[in-house]
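Going down the list, the protein sequences come from chains H and E.
Note that the first sequence covers residues 1 to 309 in the working numbering.
Note that the second sequence covers residues 1 to 309 in the working numbering.
Keep in mind that a hint or two might mislead.
No copy labels: a pair is met if it fits in one copy or bridges any two.
Here are the simulated lysine to aspartate or glutamate pairs, DMTMM-like style, with alpha carbons at most 25 Å apart [what the hints assert, rightly or not]: (1) Lys234 <-> Asp142; (2) Lys234 <-> Glu82; (3) Lys234 <-> Glu163; (4) Lys234 <-> Glu103; (5) Lys234 <-> Asp59; (6) Lys234 <-> Glu116; (7) Lys234 <-> Asp118; (8) Lys234 <-> Asp93.
If you are wondering where the hints come from, they were derived from the structure by calculation, not from laboratory data.
All values derive from a computational prediction rather than experimental measurement.
There are 2 protein chains.
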Amino acid sequence: MALGRRVRPLVALDWGTSSLRGARLAGDGSVAEERAFPLGILTVPPGGFPAVFAAHFGDWMDAPGALCLIVGMAGSQQGWLEAPYCRCPAGFDELAQWLAWVEPGRIAIVPGLSFEADGVPDVMRGEETQVFGALRLLGAPDALIVLPGTHSKWVQVRSGRIESFATLMTGEFYALLRRHSILARTLPAEDAEPHDEPNVDLNDNAFDAGVALALRGASLLHTAFSVRSLALFKRLQPAQATSYLSGLVIGEELRSRALASGSVVVVVGDTRLTGRYARALAQCGAVTHCLGAQATWRGLHEIAARIAA
Amino acid sequence: MALGRRVRPLVALDWGTSSLRGARLAGDGSVAEERAFPLGILTVPPGGFPAVFAAHFGDWMDAPGALCLIVGMAGSQQGWLEAPYCRCPAGFDELAQWLAWVEPGRIAIVPGLSFEADGVPDVMRGEETQVFGALRLLGAPDALIVLPGTHSKWVQVRSGRIESFATLMTGEFYALLRRHSILARTLPAEDAEPHDEPNVDLNDNAFDAGVALALRGASLLHTAFSVRSLALFKRLQPAQATSYLSGLVIGEELRSRALASGSVVVVVGDTRLTGRYARALAQCGAVTHCLGAQATWRGLHEIAARIAA
């Protein structure tokens with residue numbers, strides 16, 4: 001991952017609601033070391049951010065000229081320091097310009113982005129950096145990028161800037177239906193990890209059937225009930241039902257994006273989830289490129305390069 | 001509510017998942033007395049249905065020639081006696097023909113209905129009797145009827161028979177989002193009764209705004225997130241947020257029905273909920289007739305008339 005430019009040693013942090021991940025990047029952008037802690041911002045007491053940071057990343061900051069850039073909910077109202085949302089369209093330059101400096105020249109939080117459509121705002125925090133990192137990895141200035149998850153983000157990039165985006169609560173709807181709805185009675189006992197349930201193998205046929213029904217056009221309000229009715233008539237086995245439900249919610253997400261056949265979609269995330277999206281996108285006639293979640297470190301490296309400049 | 005025909009004294013029961021309601025009807029169909037108990041089928045131990053019935057309605061059954069007809073989940077696999085689903089199209093005659101007799105000639109359970117579309121079955125239990133009762137109250141052989149609730153039913157009736165129907169989990173989605181999702185953090189402390197929250201006054205403007213956004217065409221997966229983003233920018237007050245969310249889910253339900261402007265929709269249910277639907281349907285350009293939930297007793301009276309005949 002060598003780059004032409006050299007930048008300061010970078011401590012790159014992704015500090016979210018439920019976890020804290022960090023990477024130490026060399027001046028050329030290569031990852032020298034990574035650390036992860038279950039220390040999401042909700043676990044940090046008021047005023048406790050400097051101490052948590054020093055305890056877990058203080059040694060990395062001892063490197064001469066070290067710079068720390070942080071993405072994620074650490075920049076929210078409940079975080080370390082609020083980094084107000086930057087309005088779209090926005091690119092690397094805007095992010096670098098609107099950093100919220102915790103310690104001038106040394107520790108900064110990357111702002112999230114906001115976008116307004118139909119009189120309603122939408123927001124992201126952290127995904128913007130993943131998107132820009134993905135763009136660099138792709139070497140493309142234009143792309144339609146999806147970051148699937150609890151709250152999926154669909155991001156339209158043109159000329160290297162995020163032009164528009166939309167949040168879809170796909171993973172959360174899956175978890176709500178799977179855990180708390182009447183459908184939970186039809187489904188097998190819950191796996192430890194919700195949404196993508198990585199320890200449960202996907203039943204491809206059931207997943208495809210869920211996607212296919214969702215793509216036919218009915219609302220999830222209606223199609224979700226089919227988990228129950230199909231089970232009632234013994235046409236859906238409990239072991240297939242979570243895959244089928246996953247297909248229904250992901251299919252609803254894709255249908256709502258109204259993709260033209262042949263659309264190219266870049267899916268950024270962990271392999272299990274990007275695999276599901278690629279499978280569902282194929283039913284829409286879309287062409288998919290999958291990228292791992294390492295895009296965040298690359299994005300922070302690019303922002304750091306702009307600060308050094 | 002006098003009718004031309006005279007039928008046997010009728011003990012009409014609506015025995016659902018969470019409640020047991022009964023009415024004693026005179027031979028002319030008029031309601032002489034009503035009772036309600038928190039004795040849904042989930043509270044009845046295996047084999048306990050005859051005893052619960054005798055304890056709460058035995059006195060009514062002492063009337064000479066008394067007939068008991070039961071609708072609802074008492075006819076499900078977990079109920080008193082399974083009454084298999086009758087396939088659509090179906091009318092009063094099919095319901096009367098396929099009664100499941102607990103005690104021949106004396107106590108019977110009305111079958112639910114099933115309907116298949118796109119290779120997926122849908123089911124109802126109890127609503128079919130409400131629909132037929134509503135038809136009699138309307139004096140119309142054709143109608144588009146919606147019974148809003150935890151699981152809303154949209155029912156197309158032609159020539160006095162239910163031709164097709166669809167279930168939408170609107171009320172349940174509302175409750176899931178309101179109680180268990182990330183949006184719950186934005187919403188005020190929960191009222192004792194979910195979904196329609198009858199003790200909370202509707203904020204008309206917020207409700208209308210939710211309906212309007214949903215009707216514009218984006219999926220609820222996306223529009224639901226606006227509860228959070230609008231609150232983040234202080235453009236939605238907590239006191240308005242439940243009304244706004246209610247508008248989003250009901251609006252999604254209506255959009256998915258693709259109603260032509262000028263459509264006539266009959267809404268059957270309690271006043272609070274039918275009022276919300278009428279308000280939302282007006283935004284779709286639909287014409288609404290509202291009817292109270294008493295339609296069940298009228299429907300059972302009509303079935304009883306066919307047995308007596």
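Quiz item: Where does the structure disagree with the numbered hints, that is, which hint numbers, in rising order?
Solution: 1, 4, 5 and 8
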